[in-house]
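Participant: Go by the hints and put chain U onto chain H.
Top line first, the protein sequences correspond to chains H and U. Counted from 1, the first sequence has number 37 at position 37 by the working numbering; the numbering is strictly sequential. In short: position in the second sequence from 1, add 1000, done, that's the working numbering.
One should not assume that every hint holds.
Claimed, not checked - Each pair of labels, with its calculated beta carbon distance range:
(1) 1081(U) / 81(H): 29 to 35 angstroms
(2) 1238(U) / 97(H): 43 to 49 angstroms
(3) 1269(U) / 42(H): 54 to 60 angstroms
(4) 40(H) / 1094(U): 44 to 50 angstroms
(5) 78(H) / 1063(U): 43 to 49 angstroms
(6) 42(H) / 1195(U): 40 to 46 angstroms
(7) 66(H) / 1193(U): 17 to 23 angstroms
(8) 70(H) / 1052(U): 47 to 53 angstroms
Said to hold, decoys possible - Below, simulated DSS-like cross-link-like pairs (lysine-lysine); rule was C-alpha separation at most 25 angstroms, straight line:
(9) 1112(U) / 1224(U)
(10) 1078(U) / 1112(U)
(11) 1147(U) / 1112(U)
(12) 1163(U) / 1249(U)
(13) 86(H) / 1147(U)
(14) 1147(U) / 1163(U)
(15) 1157(U) / 1130(U)
(16) 1163(U) / 86(H)
(17) 1078(U) / 86(H)
(18) 1157(U) / 86(H)
(19) 1078(U) / 1157(U)
(20) 1147(U) / 1078(U)
Rather than coming from a laboratory, the hints here were simulated on the basis of the structure. Since the structure is predicted, the reported quantities are computational estimates derived from the model, not experimental observations. Heads up, the beta-carbon is just placed ideally off N, CA and C, and yes, glycines get one too.
Here is what each chain is made of, one letter per residue.
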Amino acid sequence: MPLKKRSLTRATYPLATMTPLPAARALDQYFLDARSRLLDVAAILDRVGRGGGAEATVADPRMTRIRAAIEILLGDNPNRAEQIQKLFSLEYDAGWVRPQPRL
Amino acid sequence: MSFYIDPHIHMISRTTDDYQRMAYAQCAAVSEPAFWAGFDRGTAAGFHDYFRSLTDFEPRRAAQFHIRHYCWLCINAKEAENVTLSREVIAMIPEFLHMPNVLGIGEIGLNKNTRNEATVFQEHLDLAAKTDELILIHTPHLEDKYKGTRMIVDMLKNDPRVKPHRVCIDHVEEHTVRLALDGGFWCGMTLYPTTKCTPARAVDIIEMVGTDRIMANSAGDWGKSDPLAVPEFIQEMKRRGHSEADIRKVVYDNPLAFWRQANNWKEWPPEPSRNGTATPQTAKAGY
Chain H
1 MPLKKRSLTR
11 ATYPLATMTP
21 LPAARALDQY
31 FLDARSRLLD
41 VAAILDRVGR
51 GGGAEATVAD
61 PRMTRIRAAI
71 EILLGDNPNR
81 AEQIQKLFSL
91 EYDAGWVRPQ
101 PRL
Chain U
1001 MSFYIDPHIH
1011 MISRTTDDYQ
1021 RMAYAQCAAV
1031 SEPAFWAGFD
1041 RGTAAGFHDY
1051 FRSLTDFEPR
1061 RAAQFHIRHY
1071 CWLCINAKEA
1081 ENVTLSREVI
1091 AMIPEFLHMP
1101 NVLGIGEIGL
1111 NKNTRNEATV
1121 FQEHLDLAAK
1131 TDELILIHTP
1141 HLEDKYKGTR
1151 MIVDMLKNDP
1161 RVKPHRVCID
1171 HVEEHTVRLA
1181 LDGGFWCGMT
1191 LYPTTKCTPA
1201 RAVDIIEMVG
1211 TDRIMANSAG
1221 DWGKSDPLAV
1231 PEFIQEMKRR
1241 GHSEADIRKV
1251 VYDNPLAFWR
1261 QANNWKEWPP
1271 EPSRNGTATP
1281 QTAKAGY
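Okay, chain U solo, but in the shape it has when bound:
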């Protein structure tokens, strides 16, 4: 089996055993967006501690298994109803943007598509524009997804500072994938039970839109979810007879190409090839 990347997984909610199993399955790297903890945090200090965990503790925990850990910082859409708290958190984020595993601002987005959520989303875009950060976007769940994705694309297109090739719109499904791709954005398909995509439907989407600017992730978190969902997606691609090159592009090359644009990006050391010479484009693990 070849290496893969899970570009969206909330390892803070997962056990160390999950890191081990992901390493067994050849996970080379993960990125962990800041998200909702399952309850609304009461203070900006709570987020400060969370960001310390994302930028310090988790990379060290992942490194034990030779998995590279990257992260994204923001206050998520569910807590964005509290605009005052959101502004305090947004003001604190620059303190962490220089940390070596930070890829950019995310996962920002909408949840119930409210005015406050849109305000805080736009203020995250304002923050990202200051230092030209990469942006990772959460799109809403279930009946809110289509409307919310349209609203998000409206805001992105309304902001002349936004560079579509530096934005990834996540959790796309059959009815939203083209909204992202047609706008020139990257996109992510989330393999998550009940509320998002199954591996089979994700492969259907790939068969319909191709392999450019698209990736797959597990969004593994504290809910019922599977940190090995990307390997399951790989198996589904193989079951349908898709080539190793197409599989690798979606689960490794694409997330890596998107991440490589990050301001803090440091190239990975070359991966030894089978004949003992270094290959320039690939790498597997560890800072």
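Next up, chain H with everything else stripped away, as it sits in the complex:
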């Protein structure tokens, strides 16, 4: 299946403050790492699927999050790692009751 074309230019990364590797070199250097880790995720999903009671895990919130994380990987946003971190994070309540300093 052909991959969808994406516009991942430097302008997509306005927050970068240091010079990253040129994209082609980054792809050269990290392609095998990405391949290896995608295979790890695939193998983990296969492992879960092979086990007894696999059907029950489909609705497990952890599996739901893994699927949502894969959706993030397929997106174009430049901060995929940060988005996945937040996906796996608990909600913050700004109104939590703080202890007070003893001034």
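Facilitator: What follows is chain U alone, placed relative to chain H:
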């Protein structure tokens, strides 16, 4: 290879061989925060012995390899659920604050973001404020990290005595690094398998936020961890073509600049330069 500092490593859990390997890799200095021993200690006396180890035995063990050893004192967040014990330990800490290798209070923080943990965190801030100590902060793991880091920043900002430039928020990752930097705090990235940052992701973070007020550490401890994680980070920086100056800033100059604010700080003797004259800003090892 140039010198580096590991500003967060639990050497009490590591072998003497690890000190030797770190020395081979040009480790100039470490700092060891007080932490959880893998089990909840039952008495304040247990912490007293632990603090003796951090302030006496470990500096001597490190010095055999010309590595400077510094430490931070506290009761960690995992044991802070026991507020009574925590208060006994906090009351004992001033006895050790004058020791020459003590940098300040740490690693205080949150673990499961509970009310008791927050209470004990605030009481550590109260202790630090009495003598204006540096503060090193542990942020929670995994799904608790974002919420816990937000809560920690809330408490720091709620306390007018806290000076952000005297606080380091540790274990930052992609979703928390800006919470620390935007608040004016220092921050640390921990290179630790599975639960924290890989060296490659840590370099990604540096590329996105720059090299100011940020450092890298191994947090090597009794878990699966690597006391040579900072040299691995250095290799990753080199692999991406980053300059020696940028590398040195993150792994040496930044931790040293943060530590130099400590109340007990004594400047290191000048490091001989390559042409035989002393250079004023650098040093390598030994008290």
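Participant: None of the hints should be skipped; say for each whether it holds.
Facilitator: Hints and how they fare:
1. 1081(U) / 81(H): 29 to 35 angstroms: Because 32 angstroms falls inside the window, the suggested range holds.
2. 1238(U) / 97(H): 43 to 49 angstroms: Distance hint for residue 1238(U), residue 97(H) holds at roughly 48 angstroms.
3. 1269(U) / 42(H): 54 to 60 angstroms: 55 angstroms, holds
4. 40(H) / 1094(U): 44 to 50 angstroms: Given range 44 to 50 angstroms: holds, Cβ gap about 49 angstroms.
5. 78(H) / 1063(U): 43 to 49 angstroms: Roughly 46 angstroms apart at Cβ, these two residues keep to the hinted range, so it holds.
6. 42(H) / 1195(U): 40 to 46 angstroms: 22 angstroms, violated
7. 66(H) / 1193(U): 17 to 23 angstroms: The hint (17 to 23 angstroms, Cβ to Cβ) holds, given that residue 66(H) and residue 1193(U) are roughly 19 angstroms apart.
8. 70(H) / 1052(U): 47 to 53 angstroms: 50 angstroms, holds
9. 1112(U) / 1224(U): 21 angstroms, holds
10. 1078(U) / 1112(U): Given pair residue 1078(U), residue 1112(U) holds - Cα atoms ~8 angstroms apart, limit 25 angstroms.
11. 1147(U) / 1112(U): 10 angstroms, holds
12. 1163(U) / 1249(U): The given pair, whose Cα atoms are some 22 angstroms apart, holds under the 25 angstroms limit.
13. 86(H) / 1147(U): It holds: about 10 angstroms lies between the C-alpha atoms, which stays within 25 angstroms.
14. 1147(U) / 1163(U): 22 angstroms, holds
15. 1157(U) / 1130(U): 17 angstroms, holds
16. 1163(U) / 86(H): 28 angstroms, violated
17. 1078(U) / 86(H): 23 angstroms, holds
18. 1157(U) / 86(H): 23 angstroms, holds
19. 1078(U) / 1157(U): 23 angstroms, holds
20. 1147(U) / 1078(U): OK: residue 1147(U) and residue 1078(U) at ~16 angstroms, within 25 angstroms.
Hint compliance for this structure: hints 6 and 16 are broken, all remaining hints hold.
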